Amino acid sequence: MSAYVIERPVWRRFRPQFLARAAAHVRRGGHAALLHPSGRVDMLLTVGENGKITELGLWSLLAIEQRRYRRVKVGAAKELATARVAPKFTGSVIDWCDRDSIHEGAVRRMNLDCLDCGACCHDANVVIDEADFERFREGGRGDLVHKDYIKRHRDGRITLRFAENGKCQHLQRDNKCRIYPLRPDNCRVFVVGSEACLAAREDTLKLRDGITDEELFGAAVE
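Residue numbers (my numbering): 32 to 253.
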């Protein structure tokens, strides 16, 4: 399956004195950025029924090169997840809020089709393991383990070999993947609609996903 209708958290910015509003937004499914007078920015993220941060929340953290967060124990944001944003990434988080500012509510529905996009197939680091090799062989594409398609690194990693223009060699001109049914696990786990996904779309396709679905698809999303 390459086409998805996803519900993505909408980012909002709040001042610390409006923490209760920020927490209410997050409890409805959104994400919040708390902008302190000092310039510090804290994330406030949703927590699932299992008590853990949601997948899209985790990928928001990964987008700013961190994994650690803590649960709020007291106050208006009790039981939500929070993380301090490193100074070099505060601009990125504020930009997510600006991007989402045109959308109402705490969540936004998006239609995304990976085979019509291919944005994440540029300048990526796709690690290959034995499970991928086995899938290639069972799919009748044993040639994919040849050095023309993979690169072996001194540290033991094996990655897909990308073309000189930065594109994956398996990406066609229409942005469709030639080996989509056999694609590596590293590609399969890339989360559709995550901040990494949206950043790739903006960097590669120059498509800023703050635009409305009506503008993008020509019809309202039900």
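Derived from the structure by calculation, the hints contain no laboratory data.
Be aware that one or more of the hints could be misleading.
Capping the alpha-carbon separation at 30 angstroms, the derived lysine-lysine pairs in DSSO-like fashion look like this [unchecked claim]:
(1) Lys207 x Lys182
(2) Lys119 x Lys104
(3) Lys182 x Lys237
(4) Lys83 x Lys104
(5) Lys109 x Lys83
(6) Lys119 x Lys237
(7) Lys198 x Lys182
(8) Lys198 x Lys178
(9) Lys83 x Lys119
(10) Lys178 x Lys207
(11) Lys119 x Lys109
(12) Lys119 x Lys178
(13) Lys198 x Lys119
(14) Lys237 x Lys207
Label pairs and their calculated CB-CB ranges [claimed, not checked]:
(15) Glu169 x Arg101: 23 to 29 angstroms
(16) Asp160 x Ala227: 16 to 22 angstroms
(17) Ile125 x Gly170: 51 to 57 angstroms
Predicted model, so just to flag it, every value in this text is computed and none were measured.
Backbone N, C-alpha and C fix where the C-beta goes; we use that ideal spot for every residue, glycine too.
Hints, verified against the model:
Of the supplied pair hints, the one linking Lys207 and Lys182 holds, its CA atoms being roughly 22 angstroms apart against a limit of 30 angstroms. With a C-alpha separation of about 27 angstroms, the suggested pair Lys119 and Lys104 falls inside the 30 angstroms cut-off, and the hint holds. The hinted pair formed by Lys182 and Lys237 meets the criterion: a straight-line CA distance of about 29 angstroms does not exceed 30 angstroms. Our distance criterion of 30 angstroms between C-alpha atoms is met by Lys83 and Lys104, whose separation comes to about 14 angstroms.
Restraint check: the Cα-Cα separation between Lys109 and Lys83 comes to about 14 angstroms, which is no more than 30 angstroms; the hinted pair holds. Straight-line distance between C-alpha atoms of Lys119 and Lys237 comes to about 23 angstroms, which keeps the hinted pair within the 30 angstroms bound. Between Lys198 and Lys182, the direct Cα distance comes to roughly 15 angstroms. Compliance with the 30 angstroms bound is thereby established for this hinted pair. Simply put, Lys198 and Lys178 have alpha-carbon atoms about 17 angstroms apart, close enough for the 30 angstroms limit, and the pair holds.
Distance restraint check for Lys83 and Lys119: the Cα-Cα separation of roughly 26 angstroms lies within the 30 angstroms cut-off, and the hinted pair is therefore satisfied. Proximity of Lys178 to Lys207 is assessed by CA-CA distance (about 22 angstroms); at most 30 angstroms being required, the pair is judged to hold. Between the alpha carbons of Lys119 and Lys109 the distance comes to roughly 27 angstroms, so the proposed pair stays at or under 30 angstroms and holds. Annotation: proposed proximity of Lys119 to Lys178 is violated, straight-line Cα distance about 38 angstroms (limit 30 angstroms).
Only pairs whose Cα atoms come within 30 angstroms are accepted, and Lys198 paired with Lys119 is accepted, the gap being roughly 28 angstroms. A hinted pair counts as satisfied when its Cα atoms are at most 30 angstroms apart, and Lys237 with Lys207 qualifies at roughly 18 angstroms. Taking 23 to 29 angstroms as the suggested C-beta distance range, the pair Glu169 and Arg101 does not conform, at roughly 44 angstroms. Separated by about 20 angstroms at the C-beta atoms, Asp160 and Ala227 satisfy the suggested range of 16 to 22 angstroms.
At about 44 angstroms, the beta-carbon gap between Ile125 and Gly170 misses the expected band of 51 to 57 angstroms.
Hints 12, 15 and 17 from the list above are not met by this structure, while the remaining hints are.
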